[in-house]
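Enquirer: Sequence:
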Amino acid sequence: MEHTTIHTNGINLHVASIGTGPAVLFLHGFPELWYSWRHQMLALSSLGYRAIAPDLRGYGDSDAPPSPESYSALHVVGDLVGLIDQLGIDQIFLVGHDWGAVIAWYFCLFRPDRVKALVNMSVSFPSRHPTRKPIETFRALFGDDYYICRFQ
0 MEHTTIHTNG
10 INLHVASIGT
20 GPAVLFLHGF
30 PELWYSWRHQ
40 MLALSSLGYR
50 AIAPDLRGYG
60 DSDAPPSPES
70 YSALHVVGDL
80 VGLIDQLGID
90 QIFLVGHDWG
100 AVIAWYFCLF
110 RPDRVKALVN
120 MSVSFPSRHP
130 TRKPIETFRA
140 LFGDDYYICR
150 FQ
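Residue numbering for the sequence shown follows numbering that gives the first Met the number 0, starting at 0 and increasing by one per position.
Keep in mind that the hints are not guaranteed to be accurate.
[Unchecked claim] Below 25 Å or equal to it, Euclidean Cα-Cα: the simulated DMTMM-like pairs (lysine to aspartate or glutamate) are: (1) K132 with D89; (2) K115 with D97; (3) K132 with E1; (4) K132 with D144; (5) K115 with E68; (6) K115 with D89.
Hints were generated in silico from the structure; no laboratory data involved.
A quick note: this is a predicted structure, and the numbers were derived from the prediction, not measured.
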């Protein structure tokens with residue numbers, strides 16, 4: 000497993016990677032790191048794929064900008080597009096879990112030209128209420144003790 004730091008979109012991302020061939024980009028959930036994907040990365044690299052798993056912004060050894068506004072889907076997808084650009088990759092197989100699945104959905108919406116296929120686990124595509132913020136929906140459904148509400 001190779002570990003590097005890639006400067007993209009104004010921050011430094013820690014990236015683990017292994018293998019050569021078609022690229023598979025793994026996006027971890029909350030509260031996880033690239034390490035969650037280590038077994039899948041080893042398996043896919045042995046089958047001829049290039050497995051790549053960053054610590055997303057705010058996690059692990061990647062930079063954590065102080066402003067909450069710096070964690071929008073546009074920012075995080077921008078990080079990932081910059082990452083694959085710097086690695087010289089045109090298209091990826093995208094795999095997301097939990098929070099990473101949400102980012103993967105937005106990656107496909109914002110940059111479908113960069114995605115060969117998508118595998119998402121644990122989270123379906125989030126529909127949006129026209130006037131209510133997602134956090135308000137979580138509070139209404141699950142209360143203030145729901146983990147997403149607690150970490151606001």
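Enquirer: Now look at each hint and say whether the structure bears it out.
Expert: Hint by hint, here is what the structure shows:
no.	hint	verdict
1	K132 with D89	34 Å, violated
2	K115 with D97	20 Å, holds
3	K132 with E1	39 Å, violated
4	K132 with D144	17 Å, holds
5	K115 with E68	29 Å, violated
6	K115 with D89	10 Å, holds
Hint check: violations occur at hints 1, 3 and 5; the rest are consistent with the structure.
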